[in-house]
Amino acid sequence: MNRIRVVSNKIIPFDDSDIIINENNITFTNNGNYYIDYISCDNLDINFYVNDKVTVLLFEMSDSNSLNSNINYNLGKKSSLVVSKFYNNENTNEKVNIYLNKTLADIRYNFSSISNNSDKYLFNIYHLDKSTNSNIFNRTVARKGSSSNFDINSFVENGIKGCYLNQQTKIITLGDSNNKINPNMFIGEEDTTAIHSSVVGSVDNESLFYLMSRGVDYNTSVNLIVKGMILSNINPDMETRERILNILEK
Amino acid sequence: MLKINNLSVNVDNKKILDNFNLSIEDGEIHAIMGPNGVGKSTLSRVIMGDSNYMVEAGDIIFNGDNLLPLSTDERAKRGIFLAMQYPMEIDGVSNQDFLRTAISAINDKKIGLYDFILKCEKGTEELSMNKELIHRSLNVGFSGGEKKKNEVLQIKLLRPKFIILDELDSGLDVDSLRITSENIKQYKEDNPDTSILIITHHPKILEYLKPNFVHIIDNGKIIKTGDYKLSSEIEKYGYNYFKDKKNNMTKEEEHE
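Going down the list, the sequences are from chains A and B.
In this text, residue positions in the first sequence follow the numbering used here: the first is 1, and each later residue adds one.
In this text, residue positions in the second sequence follow the numbering used here: the first is 1, and each later residue adds one.
Accuracy of the hints is not assured; some may be wrong.
To be verified - From the structure, some residues in chain A lie toward chain B, with a derived Cβ separation under 7 Å:
(1) Glu206
(2) Phe209
(3) Tyr210
(4) Met212
(5) Ser213
(6) Arg214
(7) Val216
(8) Asp217
(9) Leu224
(10) Gly228
(11) Met229
(12) Leu231
What the hints assert, rightly or not - Some chain A residues flagged as far from chain B (calculated, every beta-carbon gap over 10 Å):
(13) Arg3
(14) Arg143
(15) Tyr164
(16) Ile195
Please keep in mind that the hints were generated in silico from the structure rather than gathered at the bench.
As the structure is a computational prediction, the values presented were derived from the model and not from experiment.
For glycine and all other residues, C-beta sits at the position ideal for the given N, C-alpha and C.
Let the sequences and hints guide you as you build the complete structure.
In structure tokens:
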């Protein structure tokens, strides 16, 4: 996996013939697997471009105090982008725009986060050509006293046929917290498949009962379920998994 | 081993168990049979400490201690195991992590990886289980038979003293029922003091596990107790026969 470092809001250039870095733009010209670490970033503005017929797996991670970010993903014809992203910021205010520009562009966006204080996410997913697919999976663990807000908007205009839209957001609360999910699908075309689900709630009692009936105490059971939800969504490599587990243990 | 005295349990203001009594000695196998909705699964959940069930009266004594004040995990640590009718699917929690955590919790010490792998390999082989299931998320995508085998694998690894089998036979094909039952039978032979409570509506599983006592439950109460032969009578006459017989006897007693 190739590593891209973004330090203090700037992309650190490095030699890789499969990508082009130009100021805050990263263009993927060939298939690849990339890991991006956002280090000491507080005001981030990044544009990703996936060229036609290119498949990219992108892992993004941020573990910082406060992050304001504006991230745009632009996908070309028959391109495929799988984003796996983990955030553990004290505060986050992020705007994500996904542009499915050409036919058969496909994005799978898996986002897991710990909400520590105040997090706001705005997603705009634009299906701009026929037979484009979007799968958005957000999983958040809201700590006591935190607030999380997800506004998720998908757009399909009349005449853009055969698109597939999927939004699934789940927030597990650990104690009192203020959480809101606003899923919107603005669909002007009949030939569209759309699915969404939004869940805010505490850890499932039946799952807890099952684990505890095998001798696992309450706190360990909650920990197992939370870890499971966070990690299964993003499926990180072993090294990243250890890093995330260390964060979750805290 | 287990003594249930005058237990009454309500769910949503409806009485599910009514002044229920049952006594199970060390090493005994009991079967509770009855149609749907008479309180069989409620009994198993209450013994295990499911907080959704409100105990109105009575007590449950396990090896001299009252279980009711204990949490579910504390009951499991005392040696009680409930093999569930519908084992939970928990995405992201690997079967392996869960089993290691549970074994460590039950024994109050961490199990070494090598020891754990050996035990899992032996258990899965004896149960004719796909070894890959150990690495998958807990019960996620398992077939009905695989879920039940995973429950029995947990019995083999956690080594309980008192096992409740809540409709282990539901959703099992003939071969899987034979394999899971034979594994439980073997466990019982290896651990003769272990007691088992089988909850079922079908007599087939009892052919393998041969209970010492069979109880028929209706409206939250045991209406008849007999030996293994009672299960054959149930198959022959149906539950209503015993229910009507009990009702007639009660009427006669009231008349006298």
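Now the hints, each set against the structure:
1. Glu206: 6 Å, holds
2. Phe209: 6 Å, holds
3. Tyr210: 4 Å, holds
4. Met212: 4 Å, holds
5. Ser213: Because about 5 Å separates Ser213 of chain A from the closest Cβ in chain B, which is inside the 7 Å limit, the hint holds.
6. Arg214: Since the shortest Cβ distance to chain B is 4 Å, the answer is holds.
7. Val216: Because about 5 Å separates Val216 of chain A from the closest Cβ in chain B, which is inside the 7 Å limit, the hint holds.
8. Asp217: 5 Å, holds
9. Leu224: 5 Å, holds
10. Gly228: 3 Å, holds
11. Met229: Holds, because the Cβ-Cβ distance from Met229 of chain A to chain B comes to roughly 5 Å (cut-off 7 Å).
12. Leu231: Hint holds; Leu231 of chain A Cβ to chain B Cβ min 6 Å, cut 7 Å.
13. Arg3: Its Cβ never comes within 10 Å of chain B, the nearest being 25 Å, so this holds.
14. Arg143: 19 Å, holds
15. Tyr164: Fine: 22 Å to the nearest Cβ keeps Tyr164 of chain A off the interface.
16. Ile195: 18 Å, holds
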